[in-house]
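> Chains A and B are the protein sequences, given in the same order. Each residue of the first sequence is one higher than the one before, starting from 0 at the first, in numbering that gives the first Met the number 0. Each residue of the second sequence is one higher than the one before, starting from 0 at the first, in numbering that gives the first Met the number 0.
Be aware that one or more of the hints could be misleading.
[Stated by the list, open to error] Listed next, the in silico DSSO-like pairs over lysine-lysine satisfying Cα-Cα at most 30 Å (straight line):
1. B/Lys83 - B/Lys128
2. B/Lys4 - A/Lys114
3. B/Lys4 - B/Lys294
4. B/Lys4 - A/Lys168
[Stated by the list, open to error] Label-pair distances were calculated between CB atoms; the ranges are:
5. B/Leu269 - A/Leu40: 45 to 53 Å
6. B/Gly404 - A/Leu150: 52 to 60 Å
7. A/Leu156 - B/Leu194: 52 to 60 Å
8. B/Arg197 - A/Ala29: 55 to 63 Å
9. B/Arg197 - A/Leu156: 55 to 63 Å
10. A/Leu78 - B/Leu10: 38 to 46 Å
11. A/Leu40 - B/Phe266: 46 to 54 Å
12. A/Ala167 - B/Leu269: 36 to 44 Å
13. B/Leu298 - A/Phe48: 53 to 61 Å
14. B/Ser40 - A/Pro59: 57 to 65 Å
15. B/Leu6 - A/Ala30: 34 to 42 Å
16. A/Ala29 - B/Lys294: 41 to 49 Å
[Unchecked claim] A few chain A residues that don't get close to chain B, going by computed Cβ distances all over 12 Å:
17. Val37
18. Met45
19. Tyr171
20. Val182
No lab work stands behind these hints: they were computed from the structure. In this text, a Cβ means the ideal position worked out from N, Cα and C, and glycines have one as well.
Residue-level listing of the chains:
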Amino acid sequence: MNIVYNAEVVSGRMAVSEGAPAAKLVRERAAAAVAYAVVALGFYLMSLFLPHFMSGVRIPGLPDPVARLDWLLWAFLFLLAFAFAATAVYDAMRAIDPLFALLSRRFGRAAGPGKRVARDLAYALLAALTAVALAPLTEPLGPAAPLARALLGVGALLVLILLLFDAAKTIYAYVREKVEETVSKLAR
Amino acid sequence: MDPTKYLLGYLLVVLLAVSEAFPMSLSAMVGAALLVAFGVSDGVLSFSEALSFIDLELLALLVGVMIVVEVVDRCGTFRYLALKVVRRVLKRPVLLLVVAGLMSALTSLLLSDEAALLLIVAILLSLGKAGALDPVPFAVSSAIMVNLGGTGTLVGSVPNMAIGIRAGFSFAEFASYLLPCEFALYGVTLALLYLYYRGKLQSSGGEAELEEIEVSRVDVAKGAFLLSLMLALLIAAGIADFPASAAALASAVVALALAGFDTLEVFQRLDWDTVFFTAAFTVIIGVLERVEALKGLALWLQGAAGGSLALASLLVLLVSGAASLLLPNLIVALSFIPVVETLPFADKRALWSALVLGANLGGVGLPVSSFVIVMTIGALRREGYEIDPWAVTRVGIPVTAAWLGFSAIYLLTRFGLL
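So that you can see chain A by itself, here it is in the shape it has in the complex (with noise of 0.2 Å):
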């Protein structure tokens, strides 16, 4: 049995009927996360080897680094890395949601807020463990083994931030409601 994941509404791009499948959407936001993930890998290295082939050439009468062509291609490939980037994060936060519905299905009762953001930081701690106890096993990997570590560390805290912000969210979305009985309680 698929559970439905009361989606919120989304709009633009990579748009999902609302009420779709949990686990459909779990995997059509984090695919979308990773393809945006690896476009915008893809012009950050374009922006480390390209703009030295353009060295050398200026606009004449502007002034610098506006006036340099491999700055302004630098800042062109750049922009777009983080653009992409940015979608890329935002489409990994949007996977959080269904995820988390998916997650409780498997292990269990659905989570309060309070439940929601103590998981949230079991989750980040997990994260930021296994990172740590994963690093010794790069050593076997000589010159390669600092790039296996960042990479280690990059996943890691990418996870971390994502939790965080999911547990940010949370509380903001409690504290939000009770806030606003309270208001309506005053108001009455």
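Put chain B on the given structure of chain A with help from the hints.
Just chain B, lined up with the frame of chain A:
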């Protein structure tokens, strides 16, 4: 050695367990895997050493008792006796409160808290359906008494088994230190519950028809015999100086052979979550002991007690009692065992007893601290009864305070610490 990451691993297990992100067993296994990985990479232990931290004697006792209790439960002994007793007192609500409470506590001496509660609450709810009584005060009282039950014997709860084995208490020794306190607490608790619920205890009783249960008297007798055999063997283990785990396993073998139930079905019904949690958590505590991560708590207790056994016992009681308000009892017990072991007192009977009381008695203060309270609220709501969790807290907090206060006086007098 900086123990921070090890302590964070411990905190992770607590968070995973308390937030119910994973089942208890998986939470502890994740934590154990991380801590062992840290220990191996830091060169403080090997993998085989980590495996040796698993307390096999404790696991044997746990599984042995679980098998016997499962077989006895299948014989219908507990349900048969409970129905017999309830029928006799149905028309007298105060007596019903006392009897239901005592049955809950005594049943949970042997059954798991959840199983004991389901047994009693099922009977109370069927009485409620028949219009014989309002089951809310009786069910909440039973849940509180279930939490209390099982404090006084070595096999009454998993924390007791863990503490008793590490303390080296025999079954009889354990009971002689703690059973009088448990029985006295029954009186204290029932008096408090009566005072709180006296206006709400009503039972017509006359028209109620309890469902008949289909059990043969032979099976009921078989179950009673197997229980008696296990208790006799556990007592004999203390006298003849052989491990309680051997007595429990021997009883389990006899129970399986004699009862004639499908052995695999009995095995499937065991609480493997608790078994694997216990195994993994003993590894976690073993690693924490190796890196001296719990030393801080032990030193603090030692400093605060200032060489006084009485003060140290009271601190162990209160700190473990406060911790078990928020954490599962088994986590509290397993975490405090190494702390008590390192306290510099020659005779630690009072300290171990304080830990048993603290770990068992903190459970009803808050709805979140006791699964049986949550279960009771859920069962009552499913049947259409209105119940506010905080109303349960209003009973639970004074009851917990009374338990801990009475236990403090008991410890001081029982062990001559005054």
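> Give me the numbers of the hints this structure contradicts, sorted from smallest to largest.
none
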